[in-house]
Amino acid sequence: MIDTTTKIASLKLRNPTILASGIMDEDAGSMKRIFDCGASAVVTKSIGLESRAGYPNPTFAELEHGILNAMGLPNPGINEFEGEIRKLKDSNVPMIGSIFGSNSHEFVELSKKMQNYGVDALELNMSCPHAKGYGLETGSDPKLVREITSKVKESTNIPVFVKLSSNLTDIVEIAKAAEDGNADGIVAINSVKAMKIDLELKMPVLANKTGGYSGMAIKPIGIRCVYEIAKNVDIPVIGVGGVTTGEDALEYIMAGASAVQIGSGVYYRGVDIFKKICREMECWMENHNYTRLSELIGVAHK
Amino acid sequence: MNSPQIAKITEAKTENKDVKTFMFEYPKKMIPGQFFMIWIPGVDEIPMSVSYIDKDVKGITFRKVGEATNALFDLGKGDKIGIRGPYGNGFKINGKQILFVGGGTGIAMLAPAVEEAGINNISLTIIIGVKNSSELFFEDRFKKCGAEIHISTDDGSKGYKGFATDLADELLSKEKFTSVLTCGPEIMMKSLLDLCKNIPFQASLERYMKCGVGICSQCCIGEGLRVCVEGPVFDGKTLRNIEDFGVYKRDATGRKIRF
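Chains A and B, in that order, are what the protein sequence lines are. Note that the first sequence covers residues 1 to 302 in the working numbering. Note that the second sequence covers residues 1 to 259 in the working numbering.
Source of the hints: derived by calculation from the structure; they are not laboratory data. Ideal Cβ placement from N, Cα and C applies to all residues, glycine included. Any given hint could turn out to be false.
[Claimed, not checked] With a Cα cut of at most 25 Å, we get these calculated BS3-like pairs of lysine-lysine:
| hint | chain 1 | residue 1 | chain 2 | residue 2 |
| --- | --- | --- | --- | --- |
| 1 | A | K112 | B | K256 |
| 2 | B | K249 | A | K87 |
| 3 | B | K197 | B | K237 |
[Stated by the list, open to error] Estimated spans, in silico, between C-beta atoms of each pair:
| hint | chain 1 | residue 1 | chain 2 | residue 2 | range |
| --- | --- | --- | --- | --- | --- |
| 4 | B | I242 | A | E280 | 31 to 37 Å |
| 5 | A | N116 | B | N198 | 56 to 62 Å |
| 6 | A | I197 | B | D155 | 48 to 54 Å |
All chains, please: the whole structure from these sequences, using the hints.
Structure follows, in structure tokens:
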């Protein structure tokens with residue numbers, strides 16, 4: 001019997017595949033469907049204090065080796081989102097509440113509300129590459145990352161994960177700042193800042209001009225980041241970026257991740273990608289005589 | 001690849017004061033009920049159902065109702081738009097006698113389905129429901145398919161005075177239809193579903209969309225059903241189990257907006 005259960009802080013998961021933020025997570029029904037398709041937990045869409053419409057379309061374009069998007073953090077605001085979380089809570093789906101703010105006060109207020117609504121853990125979005133005043137703009141300052149993380153930790157009692165960007169000179173410095181702020185885990189990476197220009201129209205395709213690149217193309221960047229982070233911090237790491245197959249997931253696990261998140265993979269392989277990836281991981285493990293996934297976490301560091 | 005392909009509008013036709021048809025070269029295979037994401041450069045990108053299907057040439061027919069469609073309405077022959085798709089499932093066209101019910105601009109996307117049913121020698125009855133007769137279009141196109149056409153107008157300016165659903169109620173009690181296909185205001189389609197107790201039913205839904213390919217969940221209804229992938233056409237059995245149907249949609253922020 002192959003054991004692929006995993007644990008991140010106090011969060012026990014039936015397998016290492018988690019739905020990444022921003023994909024199929026605007027409403028309880030979508031997240032329930034993804035859980036039923038095999039994900040062990042779901043991360044909500046990133047939620048802020050007030051409602052945001054995000055950017056006009058085009059917000060999405062498929063490129064040669066990945067997906068470019070600039071949604072612009074659309075969300076109905078934390079108060080409106082309560083209903084979705086409570087509804088999902090009734091279905092017993094492990095939920096990680098993703099939030100974004102521009103300072104520690106906002107993050108704390110959002111965290112408390114998320115916790116009250118019933119999420120099992122928090123993910124602090126400090127890495128969205130295309131929203132002015134939020135995301136990467138908060139997540140590139142180690143002092144701010146540490147302050148936000150510690151303030152959120154002081155005011156909540158559920159695991160707190162910090163999601164980082166690869167668009168940093170030194171991702172380890174920021175990961176350490178989150179660890180110093182008592183984060184329970186690091187999530188890496190968010191989509192990579194990118195652009196697509198249409199030759200016929202001679203203009204960027206996305207309405208916001210720049211966006212975040214995700215999918216297969218960014219996997220090597222994610223692997224490198226997870227490897228460096230895992231080597232330098234003592235808290236668990238969740239790997240994200242281009243996970244499309246069981247072997248991709250295992251690569252992140254070997255780099256030091258305790259679990260992976262899947263987003264663009266839903267586009268490439270359908271909503272049941274979670275089950276597919278789990279089956280592929282089990283198959284690989286069986287062929288290589290491993291019975292517990294935990295044996296493989298970080299083996300590439302030896 | 002799901003990136004916009006730039007196409008020139010090869011033909012522009014004004015259907016009535018607020019409705020236009022654009023034709024463009026787009027040689028991908030598609031079926032009635034499927035849709036495109038249409039990029040109006042510098043303005044927006046919006047989902048739009050196909051209204052003309054030929055091997056190499058496709059068409060869209062739309063009413064100006066907002067910023068994006070107003071900007072699109074101002075374009076004409078030779079102007080460039082971005083197109084991706086086709087997306088979605090489309091209609092299943094079968095049976096012996098189909099009742100089509102189109103409300104407002106919904107009639108535009110039913111047209112290719114009517115034509116295909118006509119080619120397959122299915123008996124065709126169409127109800128076109130509009131507020132007043134100035135909003136009508138595609139009547140001649142349906143006549144060419146050999147369809148029996150019924151018109152309802154809210155103000156009685158042409159045909160039956162009242163709602164398309166009242167007219168449908170009358171026809172459904174008189175004739176034995178093997179299926180009902182509809183597109184129009186969701187409240188109308190919900191009333192129609194209530195009338196079609198044992199008759200196979202298909203309705204095309206409209207939702208605000210972003211990705212169009214099933215990942216952003218902007219257009220999801222019920223338990224994660226993606227209007228852009230599992231829809232936009234849903235059958236009666238599915239719709240009866242979706243609490244959103246005819247009740248609310250979501251705006252760009254994800255907030256529920258009641259119809």
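Results of checking the hints against the structure:
no.	hint	in the structure
1	K112(A) <-> K256(B)	24 Å, holds
2	K249(B) <-> K87(A)	18 Å, holds
3	K197(B) <-> K237(B)	10 Å, holds
4	I242(B) <-> E280(A): 31 to 37 Å	33 Å, holds
5	N116(A) <-> N198(B): 56 to 62 Å	47 Å, violated
6	I197(A) <-> D155(B): 48 to 54 Å	50 Å, holds
The structure does not agree with numbered hint 5 stated previously, though it agrees with all others.
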